[in-house]
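S.K.: These are the residues of each chain, in order.
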Amino acid sequence: MYKLDPPPLLFESSRRGRFTACFPSSDVPGRALDDLIPAAYRAETPPPLPELSELDVVRHYTNLSASNMSIDTNFYPLGSCTMKYNPKRNERLASSPGLGAQHPYQAENTLQGLLAVLFELQQFLAEIAGLHAVSLQPAAGAQGELASLLVAAAYFRDRGEKRTKVLIPDSAHGTNPASAHLAGFEAVTIRSNAAGLVDLEDFRSKLDDQTAVFMITNPNTVGLFDPQIGTLARLLHERGALLYLDGANMNAILGAVRPGDMGADLMHYNPHKTFSGPHGGGGPGAGPIAVRDFLAPYLPAPLVARNEDGSFFLDHARPKSIGRVRSFFGNTGVLFRAYCYIRSQGPDGLKQVSEHAVLNANYLLALVRHVYPVPLGTRCMHEFVASARGMAREKGIRAMDIAKRLLDHNIHAPTVYFPLIVPEALMIEPTETESRDTLEAFAATLLKIAQEDPAQLHEAPHSTPISRPDEVKAARTPVLRWKDAGRSAEGVAS
Amino acid sequence: MAYIANTPDDVRVMLSAIGLESLEQLFDLIPPEYRLQRPLNIPPALGEFELTRRVGNLIATNVGADQRPSFLGGGCYDHFIPAVVDHLASRGEFYTAYTPYQPEASQGTLQATFEYQTLITQLTGLDVSNASLYDGGSAVAEAVLMALTITRRFGRIVVAGSVHPEYRQIVDTYLANLEPEIVTVPAAGGRVDPDEISKSVTDDTAAIVIQSPNFFGQIEEVAALAEVAHRKGALLIVSFDPISAGLLRRPGDCGADIVVAEGQSLGNPMSFGGPYLGIMACREEYVRKMPGRIVGETTDRHGKRCWVLTLQTREQHIRREKATSNICTNQGLLALRASIYLAALGPTGLRQAAELSTRKAHYAAERLSAIPGYSLAFHGPYFKEFVIRTPGDPERLLAEVGRLGYHGGIALGRWFPELADCILVAVTEKRTRDEIDGLAEAFRDVTPYST
Amino acid sequence: MDLKALRYAPTHEWAYLEGGIATVGISKFAVDQLSDLIMIDLPAVGTKLTAGKDFGQVESVKSVSDLYAPVSGEVVEVNQAVAQNVQLLSEDAYDKGWLIKVKIEGTSLPSELMDDTAYQKKVAEESH
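Chain order of the listed sequences is W, S and B. Throughout, this note's numbering is defined as the position within the first sequence, counted from one, plus 74. Throughout, this note's numbering is defined as the position within the second sequence, counted from one, plus 7. Throughout, this note's numbering is defined as the position within the third sequence, counted from one, plus 2.
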């Protein structure tokens, strides 16, 4: 990232009449437009889009990209996001027409290669989960949560049971309660205990016959594996309720322990985290879900299935299915990269991914915990949550100051102020793709920052294109589009 | 070991710093009874060369729009993608970044998103846009949820039968456990009749949902439908084709309150259904009820103009179960591609894409309907897609036409029993006259064998 | 309005009763704690409130706080000035910054509400 002034907005660089031709002229018999579409339906002019040359566009976006931090350019220990290296071989394969030029309604006999990939991916994800059936449809982790809860609701409805509650730990991602609400359930919060794990007593007191699902992230958002999971599963199953595993932290346990073996009935994956799909500046992700056999009939349709002759087809004939949560098959591009990643790793490679993710996190923890205390847990899984509470009290250095100062050192900030159960939280996830050298340099930087002048830290960052934007102003007087553009604009001359 | 940088020496040093002797011990806080005691049952690792060859060869067996002229549409279209889109969007600084949580380290993504929001207001004719949703289908469902919150009416949603059948299915799925009933008004004749719709709109109806150009390619009477909605205090939700904005009146100019769209057409590859781009725009007064991320302009501590994520209290990470939606990402990279596409085309290019598509679609409709036994199913105005009635079994016809080298269209029987003899044909600016003539010839040739 | 006559809920809403109508707001202490207010959601006239249940929300940049009704009854008036400009609360949380007026059920405020002395003591404790 360079300390550059960002380029002007596209709209400010626009000059009337500037244009790059990219379309041919019409080769079909010319007819008056009025004969094709009556004037009443047509706009007199096209929308008032900016008018730029191709070089304008190339420079604009190239310069914009230079004011981003990214995995390709910076260490990016953003906790809970698993910012691992995005392999270039996957990108090259994904950009081939064998993927890009395929239409979702193409005849199945023209799609056998891709359907084979997706069929195998369903199998891989079922095996890694220790569960039985997989739907690749959901477009993101949060949509996987929603789809899973709708599956659970359909299952209970089918059994003639009316269950109204979903239990969720207070350390959970906000998507969990939001998904529960959207699926028509009441979200009931379960406290964490002093160790940062599910408070079993609170859990027991809230578990009742109205409970449909308990959503757990394990390892949890504090980076701890909750060993009570078997007990939780048993208590739930005794009441006829289901255990949902939020797969956000699967990077810690690949090939080491499987959600199904711990008693989970359904789960979602985040392939853009665990299986190296690029995060794309905020998406796309994908949110495939895996379920136990008795929930399979309710999965969103279609699934990829195999004919007796070995060919593949899209199985739409699923009468108990919840329907669909998005159009077409799913985020195939993201799923395809996950497939390539799993094929590149194999069983040993996936296990090593988790071993090194956990090794890197624990090594980093060992290097910094004397200055950045970690209130919960002695060791961690793939990430840990340090607290700047002490520094905040003694020197007025807050988690936000540390985050901002790291940017001056060309390191992306950790996740701050989440999870809510740790005050002044700094949530750090190095991932397995970072080297010991990177971790040591990061630790040294963190330790140095703790010694810096608090006044200077409050004004950090100093070397970035901008510093400490006024978020109050942004929210109080929202400016959400370029000011001269708007619905009143009548367009430009064509 | 793919993508792991630690050497055996590193591992020894690191383990000893942690106070452990083996990697295995890292997992000893997990109760042993849950540990997997065998290797995962997945195929062994492939190196880069093998992966590239094997997976590359496997997907090269697909026969897509690169190998056969494609007349497939139904919400996913083979429009031309200028080279600058691929080139710029494949910069690592864009695609390997994450959500702009730290604005100082993400001005590139934030400014690009602010520009995207502006471009979407220009395309839709509405006041504000979010940073995007998953796809055009779930965007319809999110718009419906938004309408429930805005109107505080929980009785009914009226949906046009000419909305994409999958989009309607998504609305059904999203609302399965919620209060409102969903009433679908059939589109006999290929378009909905505003008077028919009006009969279904009650005082507790939150919204009317239409699509224009609709699933059949037909252009609906958007302005009249807006009037029907507003007369009863309901909102009009319109799903539209963003390419059509190059030629047709924008839904916002026709009275739509919330506009959604599938943004795939704007520079995004078809990729067998995703990832795509859910476009959503609305009137200013509804912005605090809008789902998804939104970027706003502000100034930094030196007074410099800059961009941040804003109005975040709508979102799940703050409001949890009371959030406007559970959505937690946008489709950043797809939105970026759409912006680059629109910037590269400009108003003139978008106009050309729209006009060429509609001219070629009309030519194709003329050619196909001239085949004996073939006729257009509907007679309203249409944009780049139309429904052709055939004298045979569409599935067989399409299979035969496929053998002659064309993706000829989509058989409609699977969603519309009354259109079991019909095919939906889409034509973009990429199709040439030769290809259209060839398709017509192919249908003519195979018809005797497929009836 | 005599500030000493206000009665407070533990969640920092205040109520002032006059002629069967309770004026309801949030305390200056709460406003200061919330800091940087962005907007407020208030119920419509005619809404029925139940003491202890939420009746609206107040937002700062990165937090949302529920407002809990100190009394049961029906909303008869909403302070539009605050609804339009929540920053009024920072200037004056009482005279200009009242939120809603409620026609209460019964004739007196709920006895659980704290008087001024009890509330100031609670605030002093929370500030530590």
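The hints are simulated quantities; they were obtained by calculation from the structure and are not laboratory data. One or more of the hints may lead you astray.
[As the list claims (entries may be wrong)] The calculated DSS-like cross-link candidates involving lysine-lysine, where the alpha carbons are at most 30 Å apart (straight line), are: (1) B:Lys-64 x B:Lys-105; (2) S:Lys-239 x W:Lys-547; (3) B:Lys-30 x W:Lys-469; (4) B:Lys-50 x B:Lys-6; (5) W:Lys-239 x W:Lys-469; (6) W:Lys-239 x S:Lys-239; (7) B:Lys-64 x B:Lys-30; (8) B:Lys-6 x S:Lys-329.
S.K.: Against this structure, judge whether each hint is valid.
M.R.: How the hints compare with the structure:
1. B:Lys-64 x B:Lys-105: 33 Å, violated
2. S:Lys-239 x W:Lys-547: 37 Å, violated
3. B:Lys-30 x W:Lys-469: This hinted pair holds, its Cα atoms lying about 28 Å apart.
4. B:Lys-50 x B:Lys-6: 27 Å, holds
5. W:Lys-239 x W:Lys-469: Answer violated: Lys-239 (chain W) to Lys-469 (chain W) is near 44 Å, above 30 Å.
6. W:Lys-239 x S:Lys-239: 35 Å, violated
7. B:Lys-64 x B:Lys-30: Distance of about 20 Å is within 30 Å: holds.
8. B:Lys-6 x S:Lys-329: 36 Å, violated
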